[in-house]
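Enquirer: Listed below are the residues making up each chain.
2 protein chains.
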Amino acid sequence: MFTGLSAFPLTPMHEQGVRENEFSRLVERLAKAQVNSIGVLGSTGSYAYLNREERARVTQLAIESAGDVPVIIGIGAMRTRDVLALAEDAQKAGASGVLLAPVSYQTLTDDEVFSHYETVCRSLSVPLCVYDNPGTTHFEFSDELHGRIAQLPQVRSIKIPPVSMNLNAARERVDRLRALIPEDVTLGISGDVVAATGLTAGCDSWYSVLGGLFPETALAITRSAQAGDFKTAQRLSDQLEPFWALYREYGGSLRVIATAAEILGKVSMPCLPLPLNTFQGSRRARVEQVIEELELR
Amino acid sequence: MFTGLSAFPLTPMHEQGVRENEFSRLVERLAKAQVNSIGVLGSTGSYAYLNREERARVTQLAIESAGDVPVIIGIGAMRTRDVLALAEDAQKAGASGVLLAPVSYQTLTDDEVFSHYETVCRSLSVPLCVYDNPGTTHFEFSDELHGRIAQLPQVRSIKIPPVSMNLNAARERVDRLRALIPEDVTLGISGDVVAATGLTAGCDSWYSVLGGLFPETALAITRSAQAGDFKTAQRLSDQLEPFWALYREYGGSLRVIATAAEILGKVSMPCLPLPLNTFQGSRRARVEQVIEELELR
Chain A
1 MFTGLSAFPL
11 TPMHEQGVRE
21 NEFSRLVERL
31 AKAQVNSIGV
41 LGSTGSYAYL
51 NREERARVTQ
61 LAIESAGDVP
71 VIIGIGAMRT
81 RDVLALAEDA
91 QKAGASGVLL
101 APVSYQTLTD
111 DEVFSHYETV
121 CRSLSVPLCV
131 YDNPGTTHFE
141 FSDELHGRIA
151 QLPQVRSIKI
161 PPVSMNLNAA
171 RERVDRLRAL
181 IPEDVTLGIS
191 GDVVAATGLT
201 AGCDSWYSVL
211 GGLFPETALA
221 ITRSAQAGDF
231 KTAQRLSDQL
241 EPFWALYREY
251 GGSLRVIATA
261 AEILGKVSMP
271 CLPLPLNTFQ
281 GSRRARVEQV
291 IEELELR
Chain H
1 MFTGLSAFPL
11 TPMHEQGVRE
21 NEFSRLVERL
31 AKAQVNSIGV
41 LGSTGSYAYL
51 NREERARVTQ
61 LAIESAGDVP
71 VIIGIGAMRT
81 RDVLALAEDA
91 QKAGASGVLL
101 APVSYQTLTD
111 DEVFSHYETV
121 CRSLSVPLCV
131 YDNPGTTHFE
141 FSDELHGRIA
151 QLPQVRSIKI
161 PPVSMNLNAA
171 RERVDRLRAL
181 IPEDVTLGIS
191 GDVVAATGLT
201 AGCDSWYSVL
211 GGLFPETALA
221 ITRSAQAGDF
231 KTAQRLSDQL
241 EPFWALYREY
251 GGSLRVIATA
261 AEILGKVSMP
271 CLPLPLNTFQ
281 GSRRARVEQV
291 IEELELR
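Those protein sequences? They're chains A and H, same order as listed.
Under the UniProt record's numbering, the residues of the first sequence are numbered 1 to 297, in order.
Under the UniProt record's numbering, the residues of the second sequence are numbered 1 to 297, in order.
Hints listed in this document are in silico derivations from the structure and should not be mistaken for laboratory results.
Small disclaimer: the values here were computed from a predicted structure and weren't measured.
Misleading hints may appear alongside valid ones.
Quick partial rundown of chain H residues pointing at chain A, CB under 7 Å, derived from the structure [stated by the list, open to error]:
| no. | residue |
| --- | --- |
| 1 | L145 |
| 2 | G147 |
| 3 | P275 |
If the Cβ cut is set under 8 Å, some of the chain A residues that face chain H in the computed set are [said to hold, decoys possible]:
| no. | residue |
| --- | --- |
| 4 | A48 |
| 5 | M78 |
| 6 | T80 |
| 7 | T107 |
| 8 | L108 |
| 9 | E112 |
| 10 | V113 |
| 11 | S115 |
| 12 | W244 |
| 13 | R248 |
| 14 | G251 |
| 15 | M269 |
| 16 | P273 |
| 17 | L274 |
| 18 | P275 |
Beyond 12 Å from chain A on every Cβ pair, some chain H residues (computed) [unchecked claim]:
| no. | residue |
| --- | --- |
| 19 | E20 |
| 20 | G94 |
| 21 | E112 |
| 22 | V113 |
| 23 | S164 |
| 24 | K231 |
| 25 | M269 |
For glycine and all other residues, C-beta sits at the position ideal for the given N, C-alpha and C.
Produce the complete structure using the sequences and hints provided.
Expert: Below is the structure:
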């Protein structure tokens, strides 16, 4: 489950609730494309903006729409108490795995984060992926802490932040971490822009924003890399440079992918929870232009 | 209401809920000391870790226990929708004002933050204090944005992050902001360590963690500054240097003040929500030693 392409769909919503039919259709599309897993309620799925009931409902819809593709549910929350409740909901609904980021308001210590994972793992009967995303959680994992947490028996993967664009540096990063974790714990790359580099450097999976909306495009890169054809993987990624430029210039992937989904009519507008907004005006026009140019659909 | 000492009490809790009696006693103590306002459910009050029902209950308890002292309620949340609900709850309960931080998971843009405040302000019949705390929200206000938001008629104060220890630099900071905001919007200093400096530099109020547990100690500093005796204010602050050293060395004020409250028996242990912990072992011993040395009670 924690290898290959893990596709992270948006959770389209309005101010009163989730756009359920649209969400189900996004998941069905991923299942039809036969991605390796579907990462529901990740950062792209706006988990941090939904309440427990909404998250339970989204989980249920995802599992109903995912066919035989494993569903991984994001269970992050500020409080250990709430994560335990979300873990219970996810497991009851039939999730194949869970994804946990150390979401913070007050800066967390290494020991607090370790205890948090330890407590949550004790309540789990499904495997867990450690979600390392300092850009949103504002917690920086040390390699040593990753090593400690990865010894917990439920931990089976680590979703790591973007590696260097430099392949040697990326390899060193992956090797350094690999040396500290058990053999059966996979490493997955985040950051679509460096996904091909990450897979070439030895990552087992790609936790993908792009793949949540354009599964075929992301699968082509992933399958090339899995077949050992890293040159093709990199070439396919390089072809998407105009899209990666949007991520870089417009402050990350979420608003870009959400705007793209609106433009393509996959989701209604608005699809993000206020205060977040998709792009309007010239930025929206540029996203539209890039989608057409790259024939993304 | 947004001048003088605004004291921010802890919200003591266990994993199942709020320690209601202990919280009420903390508030009663602040009312008895006649602080200028009580800032409930600020960062020190762990607002980000409580659900809507718990926050409504804490608000109610605070207002019941505060006597004639105005109560300001923290209404920050990730989502505009949730802030609107919290604002409604606070107003219905009889809050005198609200405090709003731009809590974020995805990094927010200036325009998103402005619209967030604008939308919330439209729903308010009580004044609002803008809560600028980049250490927890990870949003950096520009002076220009402060100026724009402060024009909203409901905005009556800005709770600013710690100023420089250098008085001239602090004065420049306060003057620069003051030039951009309406005359009836007050500036309040956060960061207990530089509170005397901030008040001397022209801040109208001190949004105080120390004051939430040791109101008399914080009032002595505030009243000196309000009387124009900045030398005494600074001397009283300097006497607390061993306590400020704990903030500096142990990663901020929350765990220090929560540990102090536990040591003094004002709250039961644990009083913070997991994954947060108060100090044990040598750190706890040092907090105890400093409290004794400074005769804090």
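Enquirer: Next, verify each hint and record whether it holds.
Expert: Here's how the hints hold up against the structure:
1. L145: violated (13 Å)
2. G147: With Cβ-Cβ at 19 Å, over 7 Å, it is violated.
3. P275: holds (4 Å)
4. A48: holds (4 Å)
5. M78: holds (5 Å)
6. T80: This interface hint holds because 4 Å falls under the 8 Å limit.
7. T107: OK, holds: T107 of chain A within 8 Å of chain H, min 6 Å.
8. L108: Holds: closest Cβ of chain H sits about 6 Å from L108 of chain A, inside 8 Å.
9. E112: holds (4 Å)
10. V113: holds (7 Å)
11. S115: holds (6 Å)
12. W244: Nearest chain H Cβ about 18 Å off; hint violated.
13. R248: Status violated, d = 14 Å.
14. G251: For G251 of chain A, the interface hint holds, since the closest Cβ of chain H sits about 6 Å away, which is under 8 Å.
15. M269: violated (16 Å)
16. P273: holds (5 Å)
17. L274: holds (4 Å)
18. P275: holds (4 Å)
19. E20: holds (17 Å)
20. G94: holds (25 Å)
21. E112: violated (4 Å)
22. V113: violated (7 Å)
23. S164: S164 of chain H is indeed farther than 12 Å from all Cβ atoms of chain A, at 22 Å.
24. K231: At about 34 Å from chain A, K231 of chain H clears the 12 Å cut-off, so the statement holds.
25. M269: holds (16 Å)
Checked against the numbered hints above, the structure violates hints 1, 2, 12, 13, 15, 21 and 22; every other hint is satisfied.
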